[in-house]
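Chemist: Turn these sequences into a full structure, and let the hints steer you where they fit.
So the sequences go chain by chain: W and F. Heads up: the first sequence begins at 1 in the working numbering, then just goes up one per residue. Heads up: the second sequence begins at 1 in the working numbering, then just goes up one per residue.
If you're looking for bench data, these hints aren't it; they were derived computationally from the structure. Any given hint could turn out to be false.
Restraint-style ranges between C-beta atoms, simulated for each label pair [what the hints assert, rightly or not]:
#1 F/Pro261 with W/Ser161: 35 to 41 Å
#2 W/Arg79 with F/Asp204: 40 to 46 Å
#3 W/Arg188 with F/Gly95: 52 to 58 Å
Just so you have them, the derived chain W footprint on chain F, three or more residues with Cβ under 8 Å [stated by the list, open to error]:
#4 6-15
#5 21-33
One-sided excerpt, in silico: chain F residues whose CB lies under 8 Å from chain W [to be verified]:
#6 Glu3
#7 Val151
#8 Gln153
#9 Phe158
#10 Glu160
#11 Gly226
#12 Thr256
#13 Glu258
Each residue gets a CB set at the ideal place from its N, CA and C atoms; glycine is no exception.
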Amino acid sequence: MSKPSAEPVPPGEPPPEISDEDLLAESLVTPERFAAIFDRYAPVVHGYLSRRVGVLADDLMSETFLLAFRGRDGYVPGRAPVRAWLFGIATNLVRRHARDEERRYRAFGRAAGRLEVTTELGEVAGRVDAQGLRGELADALASLAREDRDVLLLWTYPQLSYAEIAVALDIPVGTVRSRLHRARGKVRDRLSDRWLTTEETA
Amino acid sequence: MNEFTVIREHGPQPTPLSDEVLAKARADLFAEIHAAPRPVRLRRRTVVVAAAAAAVAVVAGIMATSTPSPTYEAPVLVRFHMPVPPPELKPVPEGVTGPRFTAEPGWLAAVYSDNKPGAEMSAIYVIASNRPGNDGVPTTYDGKPAVLHKVDQDEPTFHEVALSWERSPGRWIKLTGVGRFADEQIVRSLAGTLADTDKRLSLDIGVAPAGWELYAFKDAGPDGTGAVTSLRDPANPDRTIHVSTTSGLVPDYGQTVEGGPVDTIPVSVHGRRGDLVQIPGKQWMLQAPLPDGRTFQLQVPADFTQQQVIELAEGVS
Chain W
1 MSKPSAEPVP PGEPPPEISD EDLLAESLVT PERFAAIFDR YAPVVHGYLS
51 RRVGVLADDL MSETFLLAFR GRDGYVPGRA PVRAWLFGIA TNLVRRHARD
101 EERRYRAFGR AAGRLEVTTE LGEVAGRVDA QGLRGELADA LASLAREDRD
151 VLLLWTYPQL SYAEIAVALD IPVGTVRSRL HRARGKVRDR LSDRWLTTEE
201 TA
Chain F
1 MNEFTVIREH GPQPTPLSDE VLAKARADLF AEIHAAPRPV RLRRRTVVVA
51 AAAAAVAVVA GIMATSTPSP TYEAPVLVRF HMPVPPPELK PVPEGVTGPR
101 FTAEPGWLAA VYSDNKPGAE MSAIYVIASN RPGNDGVPTT YDGKPAVLHK
151 VDQDEPTFHE VALSWERSPG RWIKLTGVGR FADEQIVRSL AGTLADTDKR
201 LSLDIGVAPA GWELYAFKDA GPDGTGAVTS LRDPANPDRT IHVSTTSGLV
251 PDYGQTVEGG PVDTIPVSVH GRRGDLVQIP GKQWMLQAPL PDGRTFQLQV
301 PADFTQQQVI ELAEGVS
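Modeler: Written out as structure tokens, the structure is:
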């Protein structure tokens with residue numbers, strides 16, 4: 001008769017999720033494994049792209065994963081997460097559409113200038129404020145140098161780290177810092193003081 | 001709020017990702033996966049080390065373009081024949097739509113996809129290639145040597161069965177069933193329904209520089225836009241010609257093109273007014289309507305003559 005265990009039986013745990021890096025490595029011999037990378041990241045990559053280029057994101061998201069699949073043997077494990085690598089590819093694709101992106105910001109700013117119909121006076125005041133902010137913001141984003149905007153938006157939307165952005169854009173970390181500092185300063189200069197606080201987070 | 005919060009909360013918001021867009025992107029990726037040559041199977045550790053050693057492309061490498069040589073042999077335009085689509089499934093199995101076509105050098109795939117969102121997508125790929133399938137176990141089909149490849153994967157769920165054989169001399173067909181079609185008997189049964197097709201790719205280019213090849217083709221979306229046909233010079237792979245269907249003619253074309261603003265040159269294409277612009281040292285860009293009402297954009301390297309760009313545009317259909 002076996003002795004009863006003194007330790008409680010631990011609850012069943014799900015198997016550890018396969019890491020992105022392992023999936024990518026496995027996809028070199030079993031290409032179908034790359035589909036799991038797509039399933040994990042297609043929505044967030046699309047979200048990032050669509051904030052930058054609108055409906056063009058539908059095509060660019062697809063192209064991002066096609067390029068990633070074709071170039072997967074160039075991914076260097078340990079240099080940056082797969083996620084950062086994918087956002088780097090997506091950002092390179094956005095560069096081809098810089099004019100579309102700038103047009104999107106201008107359209108965003110113009111839309112901010114139109115007051116929507118509402119019956120609530122309080123809403124009107126809040127909306128006018130929000131619209132004023134959006135107009136300034138659109139102007140600020142459109143005015144940034146392309147390289148600075150890439151860094152700013154990789155920091156802001158997918159919230160990559162300095163090191164991850166450096167790998168994603170293939171630039172030194174120091175360059176990431178300086179571009180982010182410059183972009184942030186330009187945005188701050190374009191926005192009215194009433195929108196911003198002075199906390200330092202980057 | 002700091003600047004980052006302001007951008008996140010009050011900047012442009014993401015547009016919704018529809019099930020249709022997601023399914024189409026997934027289908028395009030699977031077409032690529034299924035058409036890709038399969039590497040020799042290595043032990044996993046070996047593969048990881050190999051991946052680390054191959055630190056060549058990373059991100060910038062994938063997108064990088066080398067500086068083109070300033071001189072090329074003057075291009076000569078000749079008649080160009082687009083590849084014939086793979087045989088089609090007759091009838092198209094219930095629950096899938098298609099075919100949509102996608103191509104790269106050496107292969108052309110017809111994709112029949114199930115657009116219903118779910119844990120595992122179902123699809124059928126019929127890929128015509130000029131090279132034999134070599135991954136799988138030997139079998140026979142239609143009395144000919146064939147190769148059968150199966151994948152049964154639980155995490156994440158993925159099942160496929162692919163049958164590859166030489167359907168006609170030098171033309172290999174790989175029929176792949178994914179999801180609910182991932183069954184050898186189903187795949188063999190589907191293969192029996194293949195019939196030669198008179199379909200053509202939705203964006204043809206009938207004239208090309210001598211020696212150039214089809215580099216890529218992507219089918220149009222439901223609204224007829226977004227089809228892309230690309231040609232390239234195999235001897236100078238950075239030299240490419242792209243033609244794509246667009247959602248309409250862009251006003252003030254020369255003012256809006258990348259590399260502009262530049263002057264717009266009015267030209268006649270298919271007897272209709274088109275716009276031509278030259279981005280100095282980079283490329284020509286042309287937009288024009290097609291006789292069927294679609295519109296297209298053409299991008300051609302800068303060393304082509306203006307007349308050649310118009311001849312290329314006249315070949316688009």
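Chemist: Honestly, which of those hints from before does the structure not fit?
Modeler: none
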